[in-house]
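Trainee: Chain residues, written in single-letter form:
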Amino acid sequence: MTAALTLKGVHKRYGRTVALDGLDMSVPKGVICGFIGPNGAGKTTTFGIVGGMILLDAGEVDILGRGPLSPQHYPGSLTMLPQDCELSPHVTLRQLLVHYARLQGATALQAERDVIERLEEVVLLDRADARIKTLSHGMRRRVSIAQALLGKPELVLLDEPTSGLDPELVVRMRDVFASHRKHRTLVVSSHNLLELEALCDHVIFIEGGRCTRSGSMAEVTEQGLVMRYTLEQAVALEPFEKVHPELEMTWENKTLIVRGTGSWTPSALNAAVVPYLFHTNAGLLEIRRGKSLEDAYLAGKAEAEYDDDED
Amino acid sequence: MPRTLSIRLVAVFDLLESLRSRKAIVLLALYMVGALGGSAIFVQLLTSIRERLEEDLGQKVDMQQLMSSPGMARVAGALTGDPEVARAILAIPPMAIFYGWLAMNFVPLLVLFTSADAISGDLSNGAVRFSLFRTDRISWATGKLIGQTCLMAVGVLAGALACWTIGAVWLDDMPFGQTAYWLLRISGRTIVYSFAYLGIVMCASQLARTPIRSGGLALLIMFSCSLAGGLFKAQPIAKRAPELFNALSKLFPNGHHLPLWHPGWFESLTAMLGLIAIGLAWFALGFWRFSRRDA
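Sequence order for the protein chains is A and B.
Note that this note's numbering numbers the first sequence so that position 261 is 261, with each residue one more than the last.
Note that this note's numbering numbers the second sequence so that position 167 is 167, with each residue one more than the last.
Note that these hints are calculated values from the structure, not bench results.
As the structure is a computational prediction, the values presented were derived from the model and not from experiment.
Glycine is no exception: its CB is placed at the ideal position from the N, C-alpha and C atoms.
You may find that some hints are simply not true.
Unchecked claim - Not close to chain A: a few residues of chain B, all C-beta gaps over 10 Å, as computed:
| id | residue |
| --- | --- |
| 1 | Phe13 |
| 2 | Ala29 |
| 3 | Val61 |
| 4 | Gln65 |
| 5 | Val75 |
| 6 | Gly126 |
| 7 | Ala127 |
| 8 | Ala180 |
| 9 | Pro211 |
| 10 | Gly229 |
| 11 | Lys233 |
| 12 | Ala234 |
| 13 | Gln235 |
| 14 | Pro236 |
| 15 | Ala295 |
Said to hold, decoys possible - Partial list, computed: chain B residues near chain A (C-beta under 8 Å):
| id | residue |
| --- | --- |
| 16 | Asn125 |
| 17 | Ser131 |
| 18 | Leu161 |
Unchecked claim - One-sided and incomplete, this derived list gives chain B residues near chain A with beta-carbon spacing under 8 Å:
| id | residue |
| --- | --- |
| 19 | Glu17 |
| 20 | Ser21 |
| 21 | Val26 |
| 22 | Leu30 |
| 23 | Arg74 |
| 24 | Glu84 |
| 25 | Arg87 |
| 26 | Leu90 |
| 27 | Arg129 |
| 28 | Phe130 |
| 29 | Leu132 |
| 30 | Phe133 |
| 31 | Glu243 |
Could you put the whole structure together from the sequences, leaning on the hints where they help?
Mentor: Listed below in structure tokens is the structure:
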């Protein structure tokens, strides 16, 4: 699959602080990619470098196979929602968004139409002629989201897009992002892993300015291999293990984690395990496919820390 | 996308944004009030001089006679130090002379207050980050420079209109058409003169990250330039090596102040080109830094 975004050996320092320490990462085209890491991991710096706002010290950035950002040659091919930036307060939403759309190469008429669609998407069409300074924080956030979706960008970078939005709008914005899935590549940075798990089909973990893990959501959360059964009580597994010695089974409190290998599929695992659990009166409360993204992230983090200690 | 289109879009938006900001409106309004007030005082002064002359001579004196009187020629000659320039100035309607003096002294200050945050403001609040992935830095910064030049032009022309209105209402024999023509010509020269200072302000705005710092830095550079330009023209220094110090004075905006009023087109054109070059050089210096820094 062709990459929408590739970073190779990207280094960035702020004085003595190393923000990016040889970051290598690749985002496949057409995916919604979660960009996950703790505070200070280098997510915002990475977005800044890709968006041409922050100058890198060393390394290479390739956007859509065309080299680094070149807005004059490929206007509107990359858009982004930067973090903690103020929109111009004195103009109206319409004036601001039309200006941005036109900078991306749209004609005045195209820009007007596009702005109406985007404002509709973020539920702000009725405020199109209000000045930015009259909007609430959440509304401004939605305007920021709208500007990032203007035109026909091939790559969209969203830094904490739903921070400051109420739960209803978070769901709505998630649906908006999902609706762009087939048309463009979205890279979403967020600390809300539940939200990313629901939205993304590719994940990149970053820590200390380096990529610690990346892959499809199914790979990272082991959705094809692992099933989790939450029970009322733990039960003896020996009889089941004798029948299926090829399955790896572990307990996490009252959750039974079954890992299949080879030709095992989630449905085949369920067909084998669930009857046994009913038979032993285990009290099956929940079945979950794979790990949660949060578990995958924490497990990856613990692994990385262990490796560092070993070094 | 053509760079000229990007520059035009940024410039138009910057002008719109500035004209809708309270700060720019208040400053432009203050400048207009200053122009109105100053013009009114000047008209009163002219009227009282004329009345005094009429009393002394026992006959009616028109403005043309007043301006061509030997006394006026002496005053103008002493102020400019160049009889040719003095004669040229006295041929201009008095309201236009007054506005030229007012605007060339105060528009650089107006520019300092309206434009010092043009880039540093966007850097400090992060608004620049919504633009730099849509257009390159040179187009964005150049668009900002043009937008601020247009804002300054709006102020200068509004002041000229205020001055013309005062003259038209209170000065009995003001030649309307001729005064309007000269006010427009002088406004153009003021815009060119103030462009040199705008270049300095935009340089500071690209060097500093916050509006307060860029304002302070711009004030410091403007003050230093005025001081240096004034020193090179000061007689005790200039007479030691007139050509050298005259050439050095041309590196600063005030070194071109007097030649702007010169009747010869070569002198005034050279002065205008010099001022534009100074403005662009300062802007380019700021951009050199801006293009090598994180936004």
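Trainee: Does each hint fit the structure? Answer for all of them.
Mentor: Hint check:
1. Against chain A, the non-interface label of Phe13 (chain B) is violated: not every CB pair exceeds 10 Å, the least being about 5 Å.
2. Interface exclusion of Ala29 (chain B) from chain A stands, the closest Cβ pair being 16 Å apart, more than 10 Å.
3. Remark: the non-interface label on Val61 (chain B) is consistent with the geometry, its nearest Cβ contact in chain A lying 51 Å away (cut-off 10 Å).
4. Non-interface status of Gln65 (chain B) relative to chain A is upheld: no Cβ of that chain comes within 10 Å, the nearest being about 51 Å off.
5. Distance to chain A confirms Val75 (chain B) as a non-interface residue, since its nearest Cβ pair spans about 46 Å, more than 10 Å.
6. With a closest Cβ-Cβ approach of about 3 Å to chain A, Gly126 (chain B) is found to fall inside the 10 Å limit, against its non-interface label.
7. Chain A draws Ala127 (chain B) into its interface by the beta-carbon criterion, the shortest separation being 6 Å against a cut-off of 10 Å.
8. No Cβ of chain A approaches the Cβ of Ala180 (chain B) within 10 Å, the least distance being about 32 Å, so the stated non-interface status holds.
9. For Pro211 (chain B), the non-interface assignment is confirmed: its Cβ lies about 13 Å from the closest Cβ of chain A, beyond the 10 Å cut-off.
10. Every CB of chain A lies more than 10 Å from the CB of Gly229 (chain B), the least distance being 36 Å, so the non-interface label holds.
11. With a closest Cβ-Cβ approach of about 41 Å to chain A, Lys233 (chain B) is found to remain outside the 10 Å limit, as its non-interface label requires.
12. Ala234 (chain B), annotated as away from the interface, keeps every beta carbon of chain A farther than 10 Å; the closest lies near 44 Å.
13. Annotated as non-interface, Gln235 (chain B) keeps its C-beta farther than 10 Å from every C-beta of chain A; the closest such distance is 49 Å.
14. Pro236 (chain B), annotated as away from the interface, keeps every beta carbon of chain A farther than 10 Å; the closest lies near 48 Å.
15. The Cβ of Ala295 (chain B) does not lie farther than 10 Å from every Cβ of chain A; its closest approach is about 4 Å, which violates its non-interface assignment.
16. Against a cut-off of 8 Å between C-beta atoms, the interface hint on Asn125 (chain B) holds, since the closest Cβ of chain A lies about 4 Å away.
17. The restraint placing Ser131 (chain B) at the interface with chain A holds, with a minimum CB-CB distance near 7 Å, inside the 8 Å limit.
18. Interface restraint check for Leu161 (chain B): the shortest CB-CB distance to chain A comes to about 24 Å, outside 8 Å, so the restraint is violated.
19. Of the supplied interface hints, the one on Glu17 (chain B) holds, with its beta-carbon coming within about 6 Å of a beta-carbon of chain A, less than 8 Å.
20. Because the beta carbon of Ser21 (chain B) sits about 5 Å from the nearest beta carbon in chain A, less than 8 Å, this interface hint is met.
21. Given hint, Val26 (chain B) at the interface with chain A, is violated; its Cβ is 13 Å from that chain's nearest Cβ, farther than 8 Å.
22. Because the smallest distance between the Cβ of Leu30 (chain B) and any Cβ of chain A comes to about 18 Å, over 8 Å, the interface hint for this residue is violated.
23. Hint status for Arg74 (chain B): violated, given a least beta-carbon distance of 51 Å to chain A, over 8 Å.
24. Given hint, Glu84 (chain B) at the interface with chain A, is violated; its Cβ is 48 Å from that chain's nearest Cβ, farther than 8 Å.
25. A cut of 8 Å between beta carbons decides the hint on Arg87 (chain B): the least distance to chain A is about 47 Å, and the hint is violated.
26. Taking 8 Å as the C-beta cut-off, the interface hint given for Leu90 (chain B) is violated, the closest approach to chain A being about 45 Å.
27. A cut of 8 Å between beta carbons decides the hint on Arg129 (chain B): the least distance to chain A is about 4 Å, and the hint holds.
28. Interface hint status for Phe130 (chain B): upheld, as the beta-carbon distance to the closest one in chain A is roughly 6 Å, under 8 Å.
29. Checking Leu132 (chain B) against chain A by beta carbon gives a least distance of about 5 Å; that is within 8 Å, so the hint holds.
30. Because the smallest distance between the Cβ of Phe133 (chain B) and any Cβ of chain A comes to about 4 Å, under 8 Å, the interface hint for this residue holds.
31. Checking Glu243 (chain B) against chain A by beta carbon gives a least distance of about 44 Å; that is not within 8 Å, so the hint is violated.
The structure fails hints 1, 6, 7, 15, 18, 21, 22, 23, 24, 25, 26 and 31 (numbered hints given earlier, in ascending order).
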